[in-house]
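Dock chains B and C against chain A, hints included.
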Amino acid sequence: MAEFFQYALSGVTMGSIYAAVAVGFNLIYGTTGILNFAQGEFVMLGGMIAVSLAAFMPLPLAVAAAMLIVALCGGALEILFFRRLRSHSALHMIVITIGLSIVVREAALHVWDESVRSLPYFTGNECSSVHLAGAALSPQVFWVLGTVGLAVLVLHTFFRYSLAGKAMRACASNYEAAMLVGINTANVRTLAFSVSAGLGALAGCVISPIGMTQYDMGTDLAIKGFAAAILGGLGNPMAGVAGGLLVGLAESYSVKFLPAAYKDATAFAILLLVLFVRPHGLFGRRQGSAVREA
Amino acid sequence: MRPRPLVPVLAAALAVVALQVAVTAAGREYYLTQTIMAAYYAVVALGLCLVMGYAGQISLGHAAFFSLGGYTSAVLTTADLTPLARSGWGGPLLRLHLLQARAGLYGGETIGANPWAAFGGALLLTFAVALLVGYPALRLKGHYLAMATLGFGLIVYRLLLGTNLTGAADGITGVPPWRLGFGLEISGDGAQRIANYYVAWGLVLFTILLLTHIVHSRAGRAFRALHGGETAANSMGINTAAYKLRAFVLSALLAAAAGSMLTHYSGGIGPSEASAMKSVRYVALVAAGGMANLWGVLVVSATLNFLSLRGCFGSYDDALFGALLIAIVSLAPEGPLQPLTAQGRRLWSRLAGHRVMTTPEGPAP
Amino acid sequence: MTPAAPLLVVDDIRHRFGGVQALDHVSFGVNRGEIKAVIGPNGAGKTTLFNVVSGLIRPQSGTVRFNGTAISGLPPYRIAGLGLSRTFQTPSLFLNMTTLENVMVGRHVRSRAGLLAAALRLPAQRREERAIHDVSLALLEEVGLAAAARRPVGALSFGQRRMVELARALATEPELLLLDEPASGLNTRETDDLATLIGRIRDRGITVLLVEHDMSLVMDIADSIVVLHFGVPIAEGTPAVIRNDRRVVSVYLGGDFADAASA
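Protein chains in written order, with the numbering used here: chain A, 1 to 294; chain B, 1001 to 1365; chain C, 2001 to 2263.
Excised from the complex, chain A in its bound form:
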């Protein structure tokens, strides 16, 4: 039982990071129709920048600054590369976001080298643990769950009630109509990239103490986050949370049945299975499914 619980919590911890990536995917996809393959790079950048800043400022400030910087980078990417490309085909969009993810990753390699880094534990250290129902947990787990949970709640409220949030939802449901009623769709797109990048950076910071940060962590995160987004139904910002937790749990429990080396392959296999069987997601409706996307 304790073991079961331990697996569940580690699954939920990683799952909440995937959820953050999935929500980021959905934010950008919903408002712009772009599937951003560089989504995982935001997480990596967040962790890396925070690690560097933490050397000469208090940790909370470093995390906040990292979020801000990455959010600005996200917005800048949209302005620089996507604003002019609106009419291009899906193939072009894919190719350009992949190109971006490579360039960001390689830049990170040159700035921070290959070594594995991590932020200090937000509370306690690597030895401290909390005992819960027989399972030993790092206190950082609660930081991860709490922070990502809170961020998702804030975003949810933002979508529901704020004007900018409503504008983003309007763009997601009908881009032309949103433009017609006077929403500045270009700004909404930039905002979507910024928010999504900032959220990724936050996830990158909170996971860093236990999950480590390395320049090449982005691709795997992007794929797993995408698997989570697909599970929830692409384009639905909040459904990605459930998808993320599911992917995390599946991956965590896979270690019980398969060699640990195949852990990552499990998440990818889930992605393929879902894409092949239910491309519109577990909770999504068939409308606008993968099979019909142009």
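No lab work stands behind these hints: they were computed from the structure. Do not rely on the hints blindly, as some may be mistaken.
Here are some chain B residues pointing at chain A (derived, C-beta under 7 Å) [unchecked claim]: (1) Ile-1058; (2) Gly-1120; (3) Gly-1121; (4) Gly-1142; (5) Gly-1151; (6) Leu-1154; (7) Arg-1158; (8) Leu-1159; (9) Gly-1162; (10) Asp-1189; (11) Ala-1276; (12) Ala-1287; (13) Ala-1319; (14) Val-1329.
Example chain C residues on the side facing chain B (calculated, C-beta under 10 Å, incomplete) [what the hints assert, rightly or not]: (15) Ala-2080; (16) Val-2105; (17) Ala-2119.
Even glycine gets a Cβ: it sits at the ideal position worked out from N, Cα and C.
Only chains B and C this time, still in chain A's reference frame:
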């Protein structure tokens, strides 16, 4: 329009010979090593060109097919199949030359698969995997297809990394030479370098000849039609799902063949051949070559891979490919060679006294 | 089956999109060798009907029979293979190919060479390619576009694209040709040419079913007309009958019809 690929293929063959003569005369035969490797990678890019440029489907998993070919050959030829040889099956298998003896690591003899048999096995396995993955994946479009193929590639990569049979992170070394007959063998032996150069580039030219024939045939028109408009193609009697699958499987087989042959040449293969970055590189090469432009893809992929293998880009190797992708899509989505090749075609037509004929290249808007 | 049996039978087709009943109990037949027109105001369900017949939409109920075979539910490529070809409301050509190649695609169902035969250019494949080329070029000549054969199809005018699409459909050697608003976007001269061409197509023994807005064209060339109104067929008959059908005139055509009829 009757395809006349023989003329450019012969011209390219002359260029291949001229290059070898020049390199040998200059006493820099060691350049041929990277040229040979670049040739095998070019075959993968050419196959992907059929899928992306002509049939309009993206694949971010072609490195996986390359590795599937390479690893199957490596595993079958290096594994110690002595027990199999001593079993009841051993007699017939040895008599059919499907198994062969080679010098063992610690003296004596071990028995492994004949490279020809391993090559056949590699193609069969790739065929099966490509069908299995392609059938459901190609029902997806755009971003979803990209993610599905990328996910497939990553699964293969992780499996190779995590499995002892495939040497985990070290990969497989000590792959024996592949004797083709007439004294030719695919191996890294320095004395065989020039022969290997011609084998590799022979494969490239043969591939481009076949693909040109296909592009200008009933099947090729079906590929291009489903790219140009899937609904219209379907209404014209083209089973679009089946044709997508055909393009995908054919290009997977080309990738596997190249993988298998390069593995014999290099004497081994490592998991990095299956990495997502490798798959992305192939996509970058096709995009840079102008998508639906076999010769453009050949020139770009041979040049860039040669420079990359010579280490000309240093630690900016991967970054270069990333930047290339962004630059091409932002600045010249039809491919940077497009104006050049159009010019060339016009010039060629004038020289040959043909009427000017332009075929639009690249993806439909 | 008697020779008099209709080539195409549309039997009690119903189809809804969300809250809209696009087709409601639609039944009619198309006889061999005739030109039949489907008319009706925008939103009457004409294009939906075409999409059902050509297999792009699977109807929620009812059947379509072609040559005695039930085709509703078959994929479009199978239906095309049975000898039913179509054009689209906006010409749907392959912009990545030349004009001639577009027409050659139409020969797909009448040829068989596979990948291997093509890769190796086996003698049979070369013969077949030559035949495909010749037939397609002859069809382009018939629609007056042989000179544009080697030009990218994207370089042609709208009217010319319609003609290429028609040639492509004819290249499949259909028994039944579905034309979705073939005259829309054409000028008067082009429309006249089209009428002549459709007549010639019928004279070759190809049955034609068309959806059209241009009333004078329909009254000119159609042997028989079906009128759809909000997905419901309200009248069927010869142009003369339809012209005098009080229900058609009052419910749907109104004043416009009187103008068109006298034109």
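To see whether the hints hold, each was checked on the structure:
1. With a cut of 7 Å, the hint placing B/Ile-1058 at the interface with chain A holds, because the nearest CB-to-CB distance is about 6 Å.
2. Of the supplied interface hints, the one on B/Gly-1120 is violated, with its beta-carbon coming no nearer than about 27 Å to a beta-carbon of chain A, more than 7 Å.
3. Hint status for B/Gly-1121 relative to chain A: violated, with the closest Cβ pair at about 23 Å, above 7 Å.
4. For B/Gly-1142, the interface hint holds, since its Cβ comes within 7 Å of a Cβ in chain A; the closest pair sits about 3 Å apart.
5. Proximity of B/Gly-1151 to chain A holds as hinted, the smallest CB-CB distance being about 4 Å (cut-off 7 Å).
6. A cut of 7 Å between beta carbons decides the hint on B/Leu-1154: the least distance to chain A is about 5 Å, and the hint holds.
7. Hint status for B/Arg-1158 relative to chain A: holds, with the closest Cβ pair at about 4 Å, below 7 Å.
8. Because the smallest distance between the Cβ of B/Leu-1159 and any Cβ of chain A comes to about 6 Å, under 7 Å, the interface hint for this residue holds.
9. Satisfaction of the interface hint for B/Gly-1162 is found here, the shortest Cβ-Cβ separation to chain A being roughly 3 Å, below the 7 Å cut-off.
10. Annotation: B/Asp-1189 was flagged as interfacial toward chain A, and the flag is violated, the nearest CB pair being 35 Å apart, outside 7 Å.
11. Taking 7 Å as the C-beta contact cut-off toward chain A, the hint placing B/Ala-1276 at the interface holds, the least distance being around 5 Å.
12. The restraint placing B/Ala-1287 at the interface with chain A holds, with a minimum CB-CB distance near 6 Å, inside the 7 Å limit.
13. Hint on B/Ala-1319 holds. Least Cβ distance to chain A is approximately 4 Å, under the 7 Å limit.
14. Annotation: B/Val-1329 was flagged as interfacial toward chain A, and the flag holds, the nearest CB pair being 5 Å apart, inside 7 Å.
15. Here the hint on C/Ala-2080 is kept, as its CB sits about 4 Å from the closest CB of chain B, short of 10 Å.
16. Checking C/Val-2105 against chain B by beta carbon gives a least distance of about 5 Å; that is within 10 Å, so the hint holds.
17. Interface hint at C/Ala-2119: satisfied, since its Cβ lies 4 Å from the closest Cβ of chain B, which is below the 10 Å cut-off.
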